[in-house]
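2 protein chains.
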Amino acid sequence: MDRIERQIIQALKGGELSVYELIDNQDSSLKELLSKLKRLSEEGYIEIAKGKVKLTKKGEEIQNIKNLDRITCRFCQGTGYEINKFFGEILEKYKEITKKRPEAIEKYDQGFISLDGVIRRVEFIYERGDLYGKIFVVGDDDLFSIAAGLTFLPQRILAVDIDERLVNFINKVASEYSLNVESSVYDVQKVLPDEYRGKFDVFVTDPVETIPGIKLFLSRGVSALKGI
Amino acid sequence: MDRIERQIIQALKGGELSVYELIDNQDSSLKELLSKLKRLSEEGYIEIAKGKVKLTKKGEEIQNIKNLDRITCRFCQGTGYEINKFFGEILEKYKEITKKRPEAIEKYDQGFISLDGVIRRVEFIYERGDLYGKIFVVGDDDLFSIAAGLTFLPQRILAVDIDERLVNFINKVASEYSLNVESSVYDVQKVLPDEYRGKFDVFVTDPVETIPGIKLFLSRGVSALKGI
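So the sequences go chain by chain: R and E.
In case it helps, the working numbering puts the first sequence at residues 1 to 228.
In case it helps, the working numbering puts the second sequence at residues 1001 to 1228.
Calculated from the structure, these hints are not laboratory results.
Please read all numbers here as calculations on a predicted model, not as lab measurements.
Hints may contain errors.
[What the hints assert, rightly or not] Below, computed lysine to aspartate or glutamate pairings styled on EDC-like, alpha-carbon distance capped at 20 Å:
hint: 1; chain 1: E; residue 1: K1199; chain 2: R; residue 2: D201
hint: 2; chain 1: R; residue 1: K226; chain 2: E; residue 2: E1005
hint: 3; chain 1: R; residue 1: K134; chain 2: E; residue 2: D1201
hint: 4; chain 1: R; residue 1: K66; chain 2: E; residue 2: E1082
hint: 5; chain 1: R; residue 1: K66; chain 2: E; residue 2: D1130
hint: 6; chain 1: R; residue 1: K134; chain 2: E; residue 2: D1002
hint: 7; chain 1: R; residue 1: K66; chain 2: E; residue 2: D1069
hint: 8; chain 1: E; residue 1: K1085; chain 2: R; residue 2: D69
hint: 9; chain 1: E; residue 1: K1093; chain 2: R; residue 2: D69
hint: 10; chain 1: R; residue 1: K199; chain 2: E; residue 2: D1002
hint: 11; chain 1: R; residue 1: K66; chain 2: E; residue 2: E1005
hint: 12; chain 1: R; residue 1: K85; chain 2: E; residue 2: D1069
hint: 13; chain 1: E; residue 1: K1134; chain 2: R; residue 2: D201
hint: 14; chain 1: E; residue 1: K1134; chain 2: R; residue 2: D2
hint: 15; chain 1: E; residue 1: K1066; chain 2: R; residue 2: D130
hint: 16; chain 1: E; residue 1: K1013; chain 2: R; residue 2: D130
hint: 17; chain 1: R; residue 1: K93; chain 2: E; residue 2: D1130
hint: 18; chain 1: E; residue 1: K1066; chain 2: R; residue 2: D201
hint: 19; chain 1: E; residue 1: K1036; chain 2: R; residue 2: D130
hint: 20; chain 1: E; residue 1: K1226; chain 2: R; residue 2: D2
Just chain R, with the same shape it has in the complex (with noise of 0.2 Å):
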C-alpha cells in the first residue's frame, strides 16, 4: 500500500466520504485518484456507490492505519492566514459586489472558489510582496481582480476571460469603485496579443482541471511576464 493510498483509509477510517470530499484528503491528482480507488476496490477494500465510498469489513480490519480526526487548523481552514480586520473590511465589500455577479457557465468550465478564499489568496499574494505591481488574471470568474483591486495597492489589475458577461461586469464595477482594474474578452486557446507580452509582474489563474488546460493558461501567464 503506497501513502495515496493510505491517505484513501485513513480517511474513510473515520467515516462514509463523498468521492468529492476524498479529494482533499490525499495528495494525487484526480486521475490517480480514481485509479487508486480502483485497485482498492478491486482488492476489497473499499466500496464506492453513488458516489460515496466506504470501507468493508476487510478496510475496516486494517489495524495499523488510524484515523486521528481533523488536524487542519479550523479557524483558517487549513491556509494559515487569517482574515484580519482590513482584509475583513475588503471581503464585505466584495461580498456585496459578487451578488451581482453573472452566473457560472458550464461551457466556460466556470465555478468560483469560496469569497473567504480569494480573499486568503489576496492576502498570500501581499505576504509575499508581490501585490504593488503589475497584475495579469488568466481567467477571472473568481472575480480575483476585484478583490485585488479593493486594497487600492496593486499598480494595475487587468484580467482577460472568454466570457463577455464576466468583463463587462468587472469594468463596471472598477468604475463605480474607481479601482484600478480593467478587463477584456481574450480566449487562451488564442495566442497572447502583442500587448499583453512581456508587460506584468505577476499573474494569477486557476486554470481548467485538464493538464492542456493548465498548461495552456500558465503558458499564457508566463507571456505576460516582464523579462521573459
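Fit chain E to the known structure of chain R by using the hints.
For chain E alone, coordinates are given in the frame of chain R:
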C-alpha cells in the same frame, strides 16, 4: 525595489523589528536578507542599530507600500494545522518528557524548535500518509522521534545524532514508554553505514543552517531511503 525589499519595507511599516524577527517576514535566505538590508540602509530607507531595524524618514515616506497588519493565523501560527485532542494528549506527554532532555550545545549547532512545532510536524507527516512506515531522523535535538513514537503508528523510527547524551536519552525514553524508537550515535560527516542504507520509507531532518550542512544532511537522509 524587488519583492524581497518590499517584504522588508512592508514589515517595517508596522514598526521596528529585530533582524531575527525580519527573517520570518520575507522569503530569501539569511545571506540574501543581509545583502538586501545593506542595500536598503545604503539607500537611506532603513537604519540598523544593535540588531534592530527601523525605517528612516525616507523609508516612512514610501507611500505605495503598506503594512496591512498580521495575516498569519494566530490559532495555528500560520501552519494550517491545529493540535486536536489526539495530538493534544501527545503534546502533554511530550512536554513532560522534554523537561528532562539534555541542554542544547552550541558546538553541535543544537537549538530546538517549539514543542507545538514538533507536534505539528508529526501531524503534517500523518496527513501526507507517511507516518506508518520506517522513519529515519537525521539529527534529533528536537526529539521528533519521541513525538512521532508516541502516536504508536510508525513501524520503526531510528534517530541518529552526533550527541551521545541525546542518543542515550532517546533510548531511555523509548524503553520507558515502549516506543518503536531507537537511537544511535552517528556523525553526518561520515559515510552512512551500510546497515542504514536503503532501509527507510521517510526521512526527517532539521539540518544546520549552511548550504554545505543542508546538502550533507539531505544526502545522508536520501541514502537511507528504500529504492535509491
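Outcome of the hint check:
| no. | hint | result |
| --- | --- | --- |
| 1 | E/K1199 - R/D201 | violated, 46 Å |
| 2 | R/K226 - E/E1005 | holds, 18 Å |
| 3 | R/K134 - E/D1201 | violated, 44 Å |
| 4 | R/K66 - E/E1082 | holds, 18 Å |
| 5 | R/K66 - E/D1130 | holds, 12 Å |
| 6 | R/K134 - E/D1002 | holds, 13 Å |
| 7 | R/K66 - E/D1069 | violated, 39 Å |
| 8 | E/K1085 - R/D69 | holds, 8 Å |
| 9 | E/K1093 - R/D69 | holds, 19 Å |
| 10 | R/K199 - E/D1002 | holds, 16 Å |
| 11 | R/K66 - E/E1005 | violated, 45 Å |
| 12 | R/K85 - E/D1069 | holds, 8 Å |
| 13 | E/K1134 - R/D201 | violated, 44 Å |
| 14 | E/K1134 - R/D2 | holds, 13 Å |
| 15 | E/K1066 - R/D130 | holds, 12 Å |
| 16 | E/K1013 - R/D130 | holds, 16 Å |
| 17 | R/K93 - E/D1130 | violated, 42 Å |
| 18 | E/K1066 - R/D201 | holds, 18 Å |
| 19 | E/K1036 - R/D130 | holds, 17 Å |
| 20 | E/K1226 - R/D2 | holds, 13 Å |
Of the hints listed earlier, those the structure fails to meet are numbers 1, 3, 7, 11, 13, 17, in rising order.
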